[in-house]
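Protein chains in written order, with the working numbering: chain B, 104 to 537; chain G, 31 to 187; chain A, 3 to 340.
Hints may contain errors.
What the hints assert, rightly or not - Distance condition first, Cα-Cα at most 25 Å in a straight line; then the derived DSS-like pairs of lysine-lysine:
no., chain 1, residue 1, chain 2, residue 2
1, B, 161, G, 32
2, B, 475, A, 5
3, A, 6, B, 475
4, B, 475, A, 213
5, A, 213, B, 519
6, A, 292, A, 222
7, B, 519, A, 135
Said to hold, decoys possible - One side of the interface only, derived from the structure: several residues of chain B facing chain A at Cβ under 8 Å:
no., residue
8, 114
9, 118
10, 162
11, 286
12, 350
If you are wondering where the hints come from, they were derived from the structure by calculation, not from laboratory data.
The beta carbon of each residue, even a glycine, is placed where N, CA and C say it ideally should be.
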Amino acid sequence: MTEYVGMAMPRYDGIGQVKGQTKFVDDFVLPGMLYAKALRSPVHKGLIRSVDFSAAKKVPGVVGFVTADDIPGNRLFGACGDQQVLAESYTAYKGEDIALVVAVDEDTCMEALEKVKLDIEEQEPVFDMFEAAKPGAPLVRPDLKSNMWEFMPGVTTRVIYLGDVDKGLAEADYIVEGRYTTGEQDHAAMEPMVSVAYFDDAERLVIHTHSQCLQFQLGSLASIFDLPLSRIRYIGGVVGGGFGGKNHIHADHFAGLAALKFRRPVKYRLSRREDLLYSTKRGVFILEYKTGVKKDGRLTANYIKLWHDAGAYGGFSPYGVEKCSMFASGPYHIPNMRVEGQCVFTNKAGSSSMRGFTIMNGQFPMEMQMTKVAEAVGIDQWELRFINAWRDGDMGVSRYVVRGAGALEAMTGAAKLAGIELPDHLLAMSSRGR
Amino acid sequence: MKQILSFTLNGAPVDVIVTATETLLDVLREKLGVTGPKRGCDNGDCGTCTVLLDGEPVRSCLTIALTVAGRQVLTVEGLSPDGDLHPLQKAFHEHGAFQCGFCTPGMLMSAKALLDTNPNPSRVEIREYMSGNLCRCGSYEEVVEAIQAVAAGEYKE
Amino acid sequence: MKKKGVGMACVLHPSGNKGAGDPSNAAIQLKNDGTLVLLVGAVDLGQGSTTILRQFAADLMEVPIEHIFASNFGDDFAALSAGSFASRVTLIDPHAVENAAEDLKKKIREYAADLLEVHPDDLDYKEGKVSVKGAPDRAMTLAEVGGTAGCVLGLGAEPALLVGTGAWQPAPFTPHDPETGAMAAVGAISFGCCVVEVEVDTETGMVDVTKMTQVWEVGKAVNPLLVRQQITGGTHCGLGTALIEDSYPYYPDAAWAPENLGDYALPTFMDYPDEFLWGYEEVPHPAGVKGAKGFSEGSTNGPPPAIMAAIHDAVGVWIDQYPATPEVVLRALAAKEA
Chain B
104 MTEYVGMAMP
114 RYDGIGQVKG
124 QTKFVDDFVL
134 PGMLYAKALR
144 SPVHKGLIRS
154 VDFSAAKKVP
164 GVVGFVTADD
174 IPGNRLFGAC
184 GDQQVLAESY
194 TAYKGEDIAL
204 VVAVDEDTCM
214 EALEKVKLDI
224 EEQEPVFDMF
234 EAAKPGAPLV
244 RPDLKSNMWE
254 FMPGVTTRVI
264 YLGDVDKGLA
274 EADYIVEGRY
284 TTGEQDHAAM
294 EPMVSVAYFD
304 DAERLVIHTH
314 SQCLQFQLGS
324 LASIFDLPLS
334 RIRYIGGVVG
344 GGFGGKNHIH
354 ADHFAGLAAL
364 KFRRPVKYRL
374 SRREDLLYST
384 KRGVFILEYK
394 TGVKKDGRLT
404 ANYIKLWHDA
414 GAYGGFSPYG
424 VEKCSMFASG
434 PYHIPNMRVE
444 GQCVFTNKAG
454 SSSMRGFTIM
464 NGQFPMEMQM
474 TKVAEAVGID
484 QWELRFINAW
494 RDGDMGVSRY
504 VVRGAGALEA
514 MTGAAKLAGI
524 ELPDHLLAMS
534 SRGR
Chain G
31 MKQILSFTLN
41 GAPVDVIVTA
51 TETLLDVLRE
61 KLGVTGPKRG
71 CDNGDCGTCT
81 VLLDGEPVRS
91 CLTIALTVAG
101 RQVLTVEGLS
111 PDGDLHPLQK
121 AFHEHGAFQC
131 GFCTPGMLMS
141 AKALLDTNPN
151 PSRVEIREYM
161 SGNLCRCGSY
171 EEVVEAIQAV
181 AAGEYKE
Chain A
3 MKKKGVGMAC
13 VLHPSGNKGA
23 GDPSNAAIQL
33 KNDGTLVLLV
43 GAVDLGQGST
53 TILRQFAADL
63 MEVPIEHIFA
73 SNFGDDFAAL
83 SAGSFASRVT
93 LIDPHAVENA
103 AEDLKKKIRE
113 YAADLLEVHP
123 DDLDYKEGKV
133 SVKGAPDRAM
143 TLAEVGGTAG
153 CVLGLGAEPA
163 LLVGTGAWQP
173 APFTPHDPET
183 GAMAAVGAIS
193 FGCCVVEVEV
203 DTETGMVDVT
213 KMTQVWEVGK
223 AVNPLLVRQQ
233 ITGGTHCGLG
243 TALIEDSYPY
253 YPDAAWAPEN
263 LGDYALPTFM
273 DYPDEFLWGY
283 EEVPHPAGVK
293 GAKGFSEGST
303 NGPPPAIMAA
313 IHDAVGVWID
323 QYPATPEVVL
333 RALAAKEA
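Please model the complete structure; the sequences and the hints are all you need to start from.
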């Protein structure tokens with residue numbers, strides 16, 4: 104019998120892609136379909152005084168508007184349940200959605216948006232995590248009691264430790280310190296955010312989605328629309344690139360709300376400009392490392408402090424701080440580790456998962472440290488990593504036990520392919536044990 | 031103001047009513063139901079809207095529809111008129127020259143235009159010519175390989 | 003002046019949510035003609051989840067792969083998966099497919115047992131056929147079982163809808179220990195090594211990656227064509243992150259955020275290394291079906307530190323941030339001169 108696992112085979116669904124036949128969400132064009140666009144906050148932080156649609160309503164082709172008052176169910180969404188679907192009394196980042204205009208085409212929407220009179224009181228935003236973290240700092244949002252995320256009631260630092268890092272640093276022959284900033288990137292999938300919603304023959308709300316995680320998002324949407332799960336047909340499975348950005352709801356809620364209000368098919372999409380400026384991103388981490396090592400190259404300690412800029416809403420950021428912390432010491436056996444992580448709100452669009460989600464933010468500084476450690480000790484870059492790489496049974500800082508360790512295999516393979524000859528004593532090492 | 035635009039689309043004559051500001055991409059996707067060319071940026075930066083206009087690759091998102099009057103437009107849908115895949119389509123599929131597939135229609139049109147003008151391009155020539163088509167999934171290596179395979183005659187029509 | 007440098011990095015990427023509690027489901031239906039339809043909840047983003055899960059299903063149901071059709075279109079009867087993120091699908095979804103296959107084979111044996119007048123335990127399932135142990139001529143093919151259950155073959159048989167369902171997660175959802183932060187619920191971890199050669203232009207600050215080698219230890223290369231795509235593909239975000247992409251160029255200020263793909267430049271064909279060598283290693287993972295685990299975000303993690311190490315090798319500056327745009331590189335060089 105042929106064994107298929109292990110076989111190189113072309114994509115099962117690939118013929119559709121090469122024919123240009125595969126239907127992405129934006130490819131759905133329905134008779135009588137309306138378009139929606141968002142009225143956005145022009146300021147980084149503000150209090151909404153009033154929104155006057157009367158002039159905008161007169162633009163020919165405008166069908167109507169959707170505000171927070173039109174939301175049948177939950178007005179908050181997001182992985183932390185703290186993000187406004189549509190801003191009501193305050194906005195917390197530039198570009199935050201305040202209302203939708205619904206019209207026969209997007210040009211009409213944009214014309215109508217220009218005529219909406221938004222009276223918003225601009226407030227002083229806070230962009231810097233460390234300013235936001237200071238006691239008495241202006242709150243990023245009025246519903247917060249502080250700009251620091253609480254991992255547990257009253258606890259704003261997630262501490263994860265193994266062994267005794269002070270003892271480990273004291274034992275070290277060298278200590279290498281570093282401070283690292285991992286910048287903000289956008290998923291920039293070739294397919295910008297888009298959603299199409301309409302009612303089917305049985306008055307069930309159909310939503311065509313590019314979600315990466317239908318199960319999570321369906322629950323959230325049902326709660327916003329106040330519909331039972333079985334009254335929504337959430338149709339996905341074709342995504343023009345996700346990279347984590349489509350784990351967060353950017354369009355389905357708006358298409359659905361507009362369809363619910365006007366009982367016509369609605370398409371809501373972000374232009375590339377809106378996608379680049381306002382969609383969730385890979386948020387910044389700043390990390391400080393103190394790595395202790397002995398003369399023979401064995402790591403004795405790793406002490407990390409890290410701060411993550413969550414933007415204005417939690418999203419996946421608290422989870423991300425913990426995930427980063429767990430793996431920010433890389434694939435290395437270090438008997439004494441301590442990580443202290445904080446998640447801070449600022450007046451910017453929210454951070455979310457992006458390829459390498461928070462892991463990259465820890466691998467980068469750890470590898471920089473390893474490169475510096477090798478220089479400090481006067482040891483070969485490969486040797487340092489071979490000595491310290493995990494073996495089966497080693498433990499990460501959060502006390503998970505490593506099984507199926509493969510760092511040595513990856514390094515051996517890469518060196519060989521790159522034409523780098525590693526010395527025999529390194530090649531003789533095994534991930535299965537020391 | 032609306033006018034009738036007449037042009038040849040994938041080998042067949044077509045007439046459609048357009049305004050002066052509509053782009054070729056708008057007309058293809060929203061009026062003619064030709065959704066192969068994609069809307070990735072509306073700014074000419076990404077290449078997902080690439081079609082061939084009289085054999086030349088153009089950004090349909092920046093092409094005013096009325097300027098194609100009387101001319102030949104080829105989209106990905108026109109690559110397999112009788113249902114048989116074009117050699118480039120077969121090569122892309124077998125070499126894994128795409129992942130999400132969103133950039134693929136545009137990539138294929140640029141690749142066709144390349145091989146029509148330079149049937150035996152070097153690796154550098156391929157990379158330079160194709161560099162206007164972005165692929166966030168990062169299938170560049172495989173695209174180059176697929177184009178080289180077609181150029182080498184591995185996929186005879 | 004152009005200066006060359008070499009750098010390497012060894013990185014990891016976990017497969018599955020930390021804290022677990024991220025289940026996946028699958029269902030396999032037997033059609034009247036013996037062909038099968040696999041329903042998976044994993045969304046195919048282009049990474050080929052539907053393709054590899056079908057490969058698993060074919061092996062588990064022991065049928066030619068041409069007899070299995072697959073769908074991931076979420077809708078009413080779709081199996082739901084937590085999602086396609088955290089590089090989790092290759093580790094977790096095959097377990098759901100395996101459980102669905104076992105469930106279907108059990109239902110097939112039970113149904114056929116009635117027709118063959120034996121106990122289900124007396125039936126072997128092998129290569130798309132159920133047969134009586136010790137009497138292999140007394141057998142039914144999947145087409146015969148499906149056709150009979152569908153009442154298109156054999157009069158008088160009871161109808162049945164033969165669908166196997168399966169679900170799996172690495173562990174129930176687990177919170178961190180409040181004092182130690184302990185979190186042992188990690189599905190699997192994959193490992194990668196990236197070696198780069200760069201050329202730094204000390205006048206413009208531009209960094210050209212001339213050669214990259216990236217090898218990932220992936221547990222089991224379920225489909226080497228797709229493994230390659232993930233290694234060369236993830237490098238796109240890795241290169242962009244390392245050298246070009248910045249949504250807040252004057253962080254922490256939100257000013258000058260890029261508004262188009264000209265300002266937020268993405269790597270093109272020309273930005274990829276002139277020479278790109280890729281490879282994989284396999285250390286079968288105990289938590290994976292056939293040792294398989296996910297790794298595909300990881301190829302984004304490798305390039306940035308390898309490139310910074312190579313920049314240091316070339317021009318002697320540490321760039322402790324990313325992206326290392328020309329401005330960042332030039333400022334670092336100027337600071338070194340000062």
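Here's how the hints hold up against the structure:
no.	hint	in the structure
1	B:161 / G:32	holds, 23 Å
2	B:475 / A:5	holds, 20 Å
3	A:6 / B:475	holds, 19 Å
4	B:475 / A:213	holds, 23 Å
5	A:213 / B:519	holds, 14 Å
6	A:292 / A:222	holds, 7 Å
7	B:519 / A:135	violated, 50 Å
8	114	holds, 5 Å
9	118	violated, 12 Å
10	162	violated, 25 Å
11	286	holds, 5 Å
12	350	holds, 5 Å
Hint check: violations occur at hints 7, 9, 10; the rest are consistent with the structure.
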